[in-house]
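Number of protein chains: 2
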Amino acid sequence: MSVDGLTHHISSRYNEDLQRLLSNVLAMGGLVERQLTRAIGGISEANEEVIVRVAQEELRVNQLEREIDEDCSRILATRSPTASDLRLILTILKTITDLERIGDEAEKIAAIAARLAGRERPRNRYRELRNLGELVIGMVHDTLDAFARHDTALALAVLRRDRIVDEEYEAIHRQSITFMMEDPRTIRRALDIMWVVRSLERIGDHSKNICEYLIYLIHGRDVRHVRIEDIERELSVHPVREPEARELGNDHGDTVPLAAAGRSGMLGAGAVRPGSGAE
Amino acid sequence: MSVDGLTHHISSRYNEDLQRLLSNVLAMGGLVERQLTRAIGGISEANEEVIVRVAQEELRVNQLEREIDEDCSRILATRSPTASDLRLILTILKTITDLERIGDEAEKIAAIAARLAGRERPRNRYRELRNLGELVIGMVHDTLDAFARHDTALALAVLRRDRIVDEEYEAIHRQSITFMMEDPRTIRRALDIMWVVRSLERIGDHSKNICEYLIYLIHGRDVRHVRIEDIERELSVHPVREPEARELGNDHGDTVPLAAAGRSGMLGAGAVRPGSGAE
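Line order of the protein sequences matches chains G and X.
For the first sequence, the positions run 16 to 294 when this note's numbering is used.
For the second sequence, the positions run 16 to 294 when this note's numbering is used.
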């Protein structure tokens, strides 16, 4: 085998490794999104079986988290990635922690859904929870799409939506306190609503975290604890930069051009990710 | 300069990098522990200034998180660590995320402490919160000690204590609901107590996460989602193993023997970590 052939061989194995990693992250994200959709559905449909399904999916989510963690360690140890490949691995390591915790919150919501199913339902059938739930499911969905397509604009849109979630959270919170004070018999139900809203707010935060990592991946800029207006201003001035490529040392030459790969569909058929939307 | 001299030079620079990293993680942990101690103190002392101090410390915590993240990226890119050094970097990357979130919860507790300071206090001056707070501060403290000394036994003790926190959480939760139903005028205060307890329970979870990463670092075994009895049984059979050293490829020869370094005090003066206990 010629040196060129060997390089090509190494390169394609490496690309396969990275592709498997990415498709596992998106599969894990798809599962978590489905858990959340089921849990929210369980509230409005008063469905007690939801908790069993969500818990089953949790086992698979945890298994995927472990697999991805191991794959990242192996790639770091054997490939010594630098620049954008290194950022990709670091982004994935952080992303899966947040995805796993979104799954945990979905499980908590499912448990409350099962409890609410056994109680008298309010007239509006928890419309406020359904609305906020839809908003947060949309955030998780768009976060995964932004991840699959390396879409900065979509990631920024998720960051902005997190503010709306926080406002909704405050509003439902205040309303629940009012109900509790007016009629103490509704205390348990109002508390359950508050816990669900709290979990949804956390899920919004986790989505926001992932979008911040994604901006780090695409732009090499750590935007945690930075105001969104400042991020938007800065990114519109410097839409795509690779500041670390020079600082961190040269690439091995066997890297996948990530932004391009993401846009043209690293996972095969276009930019469609598994489990997206359909169910 | 001889080749030996050069190797020694590289080796000592690398060791300095790892030491700086470790001392920054422990400094960050010390700050977070202090934030939590202040926040809990603020509840029993009805001290409104607490929130300002805790928020000031949060800025430093966030700054440290960013610095450590950057240092980890730089070491991964320029040193290509393998085996135990790689596990150390991965452990640190995950640990600082949990530490930062402990700081966030401490800030939430401080905000509630400021609110409680403006209200009539119950006879017991929130003794149940102080007790649970002490327990959780102890968990954070021991987590950081376990980290500094690579102490598996202490890490396992923290995992066991997380169960007590969960039980206490449930008990205070039930009691608060009873109070609310008996006297609706106490609803707001009871809710504030519930939020504090919820934050403490989260902090317990974050400590547990860090201890699980630590067991991965020392034993190369991922114990997330594994029952503590199974972990203890397994670790007592295989007290110290290095399964990944061979699998992941050979070391560069410039690694720090971590377990030994931790025990003999990687940070200089013995195994004492900065900010530990005092304040």
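Everything labelled a hint here was simulated from the structure, so no lab data went into it.
Among the hints, erroneous ones may be present.
Since the list can't tell identical chains apart, any single copy or any two copies may satisfy a pair.
With a cut-off of at most 25 Å between alpha-carbon atoms, the simulated SDA-like pairs for lysine to any residue come out as follows [as the list claims (entries may be wrong)]:
{"no.": "1", "residue 1": "K123", "residue 2": "R28"}
{"no.": "2", "residue 1": "K123", "residue 2": "D237"}
{"no.": "3", "residue 1": "K109", "residue 2": "R136"}
{"no.": "4", "residue 1": "K109", "residue 2": "E63"}
{"no.": "5", "residue 1": "K109", "residue 2": "R145"}
{"no.": "6", "residue 1": "K123", "residue 2": "E60"}
{"no.": "7", "residue 1": "K123", "residue 2": "R242"}
{"no.": "8", "residue 1": "K109", "residue 2": "A129"}
Status of each hint after checking the structure:
Taking the shortest alpha-carbon separations for K123 and R28, neither the intra-copy value of 40 Å nor the inter-copy value of 47 Å comes in at or below 25 Å. Taking the shortest Cα distances, K123 and D237 sit within 25 Å of each other only across copies (24 Å), while inside one copy they are farther apart (31 Å). For the homomeric pair K109 and R136, neither the shortest alpha-carbon distance inside one copy (39 Å) nor that between copies (41 Å) is at most 25 Å. When the C-alpha separation of K109 and E63 is checked against a cutoff of 25 Å, the pair qualifies neither within a copy, at 33 Å, nor between copies, at 35 Å.
With identical chains, the CA atoms of K109 and R145 are never at most 25 Å apart, being 29 Å at best within one copy and 33 Å at best between copies. In this assembly of identical chains, K123 and E60 lie within 25 Å of each other by CA distance solely inside one copy; the values are 17 Å within and 34 Å between copies. Within a single copy, K123 and R242 get their C-alpha atoms only as close as 30 Å, which misses the 25 Å cut-off; across copies the closest is 19 Å, which meets it. In this homomeric assembly, K109 and A129 never come within 25 Å of each other (Cα to Cα): the closest approach is 31 Å inside a single copy and 33 Å across copies.
Of the numbered hints given earlier, the model fails hints 1, 3, 4, 5, 8; all others are met.
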